[in-house]
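**Student:** In the order they appear, the protein sequences are chains A and B. Straight run, no breaks: the first sequence in the working numbering ends on number 445. Straight run, no breaks: the second sequence in the working numbering ends on number 299.
None of these hints come from the bench; they were simulated from the model. Among the hints, erroneous ones may be present.
Now the in silico label distances, taken between C-beta atoms and shown as ranges [what the hints assert, rightly or not]: (1) A:Q145 to B:Y43: 28 to 38 Å; (2) A:P324 to B:R109: 28 to 38 Å; (3) A:Q168 to B:L100: 36 to 46 Å; (4) A:A65 to B:L117: 47 to 57 Å; (5) A:N285 to B:Y36: 45 to 55 Å; (6) A:D142 to B:Y120: 30 to 40 Å; (7) B:Y36 to A:G81: 48 to 58 Å; (8) B:L117 to A:N285: 30 to 40 Å; (9) B:I42 to A:G127: 51 to 61 Å.
We treat Cβ as the ideally placed atom computed from N, Cα and C, and that holds for glycine.
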Amino acid sequence: MHSKPFKTPALPRRTVLAGLAAAGATAAMPMRLRAQEQITLRWWSPQSSPEQLAAYQTQIANFEAQHENIKVVFEKTSDEGYAPQLAAAFASGDVPNVVTHLPSFAVATYWTNGLLEPFNGVIDMIGPDKFYQGANDIYEIDPGQYAGTGIGNSAANMIWLRTDLMEQAGIDQNPRTWDELLSAVQKMQGGGIYGAPLPYGRNSMTSLVFIGVIHQAGGQVCAPDLSVNIDTDATRDALEFYRAMREFCPPGATNYSWGESLTAFVSGACATGLYTGRVLTNVANQNPSIADHITCDLYPTKSTDVAPWTFNDFPSVFIPKQAPNMEASKQFAAFLFDPEGYIQQLHAAPGHVLPVLKTISNDPDYQDNEIIQKYSAEVELMSEAAANGFNLGWESRDHMPNAKAGEIVNSGVIAELVQRVVLNDENVDQVLGETTARIEEIMAS
Amino acid sequence: MIATQTITPRLERSYARLGVLLIAPTILVFSLVIVYPLLAAIYLSVFSIYTPTLEGNFVGAANYVKLLTGKAFWNSLGVTLIWTVGTLTLQIVFGVGMALLLHQNIWFRSLARSLVLFPYFLSTVVAVLVWRWLFNDLYGAMNHGLMQLGILDLPLDWLGSMPNAMIGVILVGAWKYFPFVVIAVLARLQTIPEHLYEAAKIDGAGPIARFWDVTLPQLRNVLVVIVLLRAIWDFKEFDLIYLLTGGGPVTSTQTLSLLVYQEAFGLNQMGQAAAYSVGMMLVMLVFMVVYIRKTGKEG
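The following block holds chain B by itself, in its conformation from the complex (with noise of 0.2 Å):
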């Protein structure tokens, strides 16, 4: 008896410390590359630092006056924020609405499944040169077809000013990440009981009514996690509104990514860069303790 005891807390230490062993890689890249990127952008953020020299000096708290008093981070942030809902909201639609069609029995159906994720595949750069392409006001595809059917009697100038260049924006952004959501909705469309639809049939309801009371409480959960990802991504998004618009007209389309950048490399104010980029993180942490309040429920 004396011996079991003696053996049964050895074992749990023995277990415990290969526990730790094997945990040990996992939180050594996680400090590699999340933990230390975070450390050193809050230490950055209360420096004045020239960036291709990396020097400076302690400025305390003075970028984060700057950024809570200033309107560039304001301005930024509405205009994410309008991003974000105005793409999001595009990429559900289209997202849901390809993912039902796709679940139908429709004839080259499993072709028209590989196709749509096509956009979702392409490097946004060649993307957003097809599109800027198809914008352009003397040569575009986009202006071309629309004044040959009457609808426009001059090219329109897309890109370029406001609101069309927004409403750009959130039309390519909508067309490159849609696929995601018809993925995982036309996934969870798959499992869904057949014989809920037969039960909702025999109380007489009709195809709209199914959607309502049957296929859309089923898509709750998958369209929760959905948004939240999508919403996190969108909210950094970079490259696909920099290439496409660099921000402009004005700052109409700056977003905190652009703020970011243009901070830190077009004026080479590293400190203040870091400050807002904190300021973005903090931002996006709401999103992330929504996330993890709604899968740690889940699970």
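Next up, chain A with everything else stripped away, as it sits in the complex (with noise of 0.2 Å):
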């Protein structure tokens, strides 16, 4: 039997001096310079088909991939909710790192409450020229200062048709003016089809839609100057055709919103539906027995007269000022533009978000889809109409940036339009003229 030697438990003295040499040197380190610490990045979007999820988690694990010490969790929120749960985050201070998809009159709401960090720093990490020209300017609200950036771009009011069913009522060319656009649902409405889906919901796409139809009668909600100028001859014209197309969308169309308007269209219940392009990978997944039977153009007007006016609500990513780990936010908003999984998150739903950047769209693995081959034309359609949309936050390109076009929105004052004078039949003018005065108690708030 051995027995060991006897060794004294005590350190040495120099081994003892230089731990606390160095545990003094970490803890007067900035916590950025400490080594490797473990982080996790949360990352909001209301756009969450399987298919973009499937996209996100590609980014997400490339990006965890370079970065071993960040973890990025995705949280979903939707377009009705985001803005109390976002309301919510901004007056707790739990906010989310990334928000990405958020149209961008939200941007500018919470940009000029000063709830955002400037983008500027991103949009250079990404490369200030791979962006179409002129891109970024919705987002520079005070001069030389970004409030976020666009992820893509959507045209959202595209009118979409069988061309199957046309055929077959006779109609040889698309629908341009709001007559023709009648007269082609009259005919083609019937034997369990319905002629569109309009939405007449009190929800947010009715708002949104209908706006849409005030400007393709020529009219606005606000002046370029932002002063309320909806109660006009062409908001009239525009409930005195929403009026008329009631007959011919589906009973349960006063309670549609996004998700049940593009159904509606791409089941195949209704003639022609309006959506964004994301009704092509919805009918090639769902009812492909259309698909070579579809097309789509820009929303037809009062007349000719009037040019078409598409809605792009410029889908954004942008970082709450108050994120933690603002530099693995701001690198991981940056990396969502990394070609591998940017296209794969616009290929998630071709058509649907269009790229804004000039390099992806050039990039034949953009070029190599199925669904954007093969709609090719439709897909050239919807990036020209997009590059020149707007929305209430932007109506014109002489309009300022409407910064309370997201509360108009949200407090569904256009869609209680729609519904007071179309739905109960309520006098036009009274409506219209506390329609006015609501928008501008919210203008002045």
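With the hints as a guide, bring the two chains together.
**Tutor:** Okay, structure coming up:
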């Protein structure tokens, strides 16, 4: 039996001193320089179809592979739910690190209230030259300061048409004016198929679509100086058109939002539709029997004298000012435009979110998609329309950015205008007067 | 004798201190979850506050003036009362009826008693999704069934027009919450002494007379409590109505809870929303006082 030689448990003095010095140096270091601290980034988006979620997971995995100490968690929000969720997040200080796909007017609202981190640094990381010219203008709310950037473009109020039904009804060209559209849907309605799935619900889709209809009548919600200018003959014409279309819409259109409206066209229940290019992928997956009989065009206007007006919500990326781990958040926001992940994200719903980087549009990998190739004319038309698109936050090139646009939409005042006049048959003059007063109150708040 | 007199107050003081100590956690929790939010709501209601930043300025009674002079609060109060009375009435009628049925010696009674609780246990979001699908104009089973039976020629717009939307939410609310009435009434039915029914039979009372003269008087106390509790809960119902109709068409199903939510998060006016919620609380206080008085008397 051997006994081990006795050793003192005490550490050598030199080791102890070295350890103390190292600990002191570590404590004195700024947090961000400490070795590989584990951090979690939260990413919010209202766009979360299964294909998009798969693309996000690729982007997250690629980013995490490059940054071993960072974990990214994706959290869903919704088009109808993001405003209250973000309001609560901002109020509590528990904000996500990166938010994507919200409309530009929401970004403007948050920016003017001092809630967002300037995005200039992220745009620099992506490469300003890669963007289409003027793509970031809508986010330059204060001169030289960008509130966010676009993650894509969308042409949200394209009219979708069933060419087979048009042919059966003897319609040889796409409707250009409201009269032509009314005539077309009248001819195509029947046999269990309705003419159009326009929304009449008390929701943001009704508001956003009807703002487009006002413009398609030659009107506007606010004048370029942002004084309220909705009580006009153009709005009255828009309401008359919307009323006339009601009999060609399904009964439940009074409660339709984006999902129901999309499904009504994709399922074949309606002869026309109103949506972005998401129609293409949904038709391919859910109702391929009509895939060879669909096309899209710019939504008709009151007359050929009025130019089409495309609603582009300018899906955005932004970073809340209160977000923790700001440097990592900016790196992740910029990484979302990395070609591999970005193209997969765009391919998740081809034609739905269109690229804002010209380097991506020209990338063969982006063009290498069955749906984009099959519907190249439609995708081209949507891209062009979206590039010249507007929304309530920026109604025309002459308009100032409207930072109250989000609150006007979320208040439901425009949707209520539609419901009161079209569904309840209330006096249009009185309703328009009250609508003007309510929008003025929001603008002044 | 002197020693006993000295010890007794000392003991009493000791017991009093122990009592305070024992009740302190309850008071602390009560203060945190009830008193603080209540005072915070009252405090917020005298400010104009932008929700995301929680910054604003003092406006005194302006929010209450708007509440009293504007149409929004009164319109929503009317909608809330219609919803509460409508759904509560159906809950009581269906609940008592079902409880009476389940009190009988029927086949599979135990299974039926379990199944009847299903809607109450189901998540509201899931229940609403199912009902929205049933009500769907193009694919809903409701329209499909009624059209197959020849009752309807065209699909009915269940949730997008009035009065259908209000009828729809009232029906779904009644379906969701009537099991609560069943549970409470069934428990009371099982404790009604059998000899009361035997005496009534000897006096020649039929089934209907026995219900009115024996069962209902015996259920009176439990029904008062059920009505008050459910009235309070229905009055502040939010998720079911929000998910079914969002308050529409226009504001036809916008209850006070939805109005508060819309003001706080749609318009970002937290101060005004707080004023509406204080107004709502005052209305609910009436229910609460009645409940406390009733349960106090029972005690």
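**Student:** Run every hint past the structure and note whether it holds.
**Tutor:** Structure-based check of each hint:
{"no.": "1", "hint": "A:Q145 to B:Y43: 28 to 38 Å", "result": "35 Å, holds"}
{"no.": "2", "hint": "A:P324 to B:R109: 28 to 38 Å", "result": "58 Å, violated"}
{"no.": "3", "hint": "A:Q168 to B:L100: 36 to 46 Å", "result": "58 Å, violated"}
{"no.": "4", "hint": "A:A65 to B:L117: 47 to 57 Å", "result": "50 Å, holds"}
{"no.": "5", "hint": "A:N285 to B:Y36: 45 to 55 Å", "result": "51 Å, holds"}
{"no.": "6", "hint": "A:D142 to B:Y120: 30 to 40 Å", "result": "53 Å, violated"}
{"no.": "7", "hint": "B:Y36 to A:G81: 48 to 58 Å", "result": "27 Å, violated"}
{"no.": "8", "hint": "B:L117 to A:N285: 30 to 40 Å", "result": "39 Å, holds"}
{"no.": "9", "hint": "B:I42 to A:G127: 51 to 61 Å", "result": "53 Å, holds"}
The structure shown violates the earlier hints numbered 2, 3, 6 and 7.
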